[in-house]
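Engineer: Sequence:
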Amino acid sequence: MRGFLHKIQRFVAGLQNANLATRRRWLIGLSGISMILVVALWIIYLNIAFPSSGGVAETAMPVQETAKAQAPEPAVNTPGTSFFDTLWRGLHVLRNEAKSGLHTIETSAVELWDTGIGAFSKTNSYKLEKQNTPQVESTTTPDPVPPTPLPQP
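For the sequence shown, our numbering gives the first residue as 232, with consecutive numbering after it.
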């Protein structure tokens with residue numbers, strides 16, 4: 232065990248002294264491997280935590296007095312119920328919703344374009360008229376304001 236740890240320490244020390252391109256390659260490679268491991272562990276956890284029901288809905292069966300009837304055990308590895316199958320179906324649903332959403336956006340954009348072109352072709356006309364307002368004659372003049380001297384430094 233000590234020899235293995237010593238090899239890892241030497242590898243890390245050599246990697247620290249390596250040039251920048253080598254360190255970047257190792258960073259990208261090890262990051263990719265780490266991501267794959269995390270996703271794999273997550274998928275394994277989901278398959279264990281939420282076992283598939285085999286596509287058969289379990290119903291509560293009445294308990295008989297003479298013999299207890301038990302619900303059949305759900306099938307764990309039946310086709311069409313794995314994590315990836317569910318993920319694949321979800322991606323198809325998202326794709327179909329995205330297509331319909333894009334179609335809605337496209338029709339809205341066409342309608343907006345048509346109404347926008349119509350707005351640019353419309354012209355507005357304004358008629359300016361002079362208002363008859365009485366003019367007030369001023370008989371007083373304002374008092375002159377004396378200048379304020381600037382402070383001296």
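Simulated from the structure, these hints should not be mistaken for laboratory data. All figures in this text were calculated on a predicted structure; none of them were measured in a lab. A virtual CB, placed ideally from N, CA and C, is assigned to each residue, including glycine. Among these hints, one or two may not hold up.
[To be verified] Derived Cβ-Cβ restraints for the label pairs, each shown as a range: (1) Ser331 / Ile274: 25 to 33 Å; (2) Ala244 / Asn327: 51 to 59 Å; (3) Gly260 / Glu328: 30 to 38 Å; (4) Ser331 / Gln240: 33 to 41 Å; (5) Val341 / Ala271: 28 to 36 Å; (6) Gly260 / Val324: 30 to 38 Å; (7) His323 / Met266: 19 to 27 Å.
Engineer: None of the hints should be skipped; say for each whether it holds.
Structural biologist: Verification of the supplied hints:
no., hint, result
1, Ser331 / Ile274: 25 to 33 Å, "30 Å, holds"
2, Ala244 / Asn327: 51 to 59 Å, "54 Å, holds"
3, Gly260 / Glu328: 30 to 38 Å, "36 Å, holds"
4, Ser331 / Gln240: 33 to 41 Å, "57 Å, violated"
5, Val341 / Ala271: 28 to 36 Å, "46 Å, violated"
6, Gly260 / Val324: 30 to 38 Å, "35 Å, holds"
7, His323 / Met266: 19 to 27 Å, "25 Å, holds"
In this structure, the hints that do not hold are numbers 4 and 5, in rising order.
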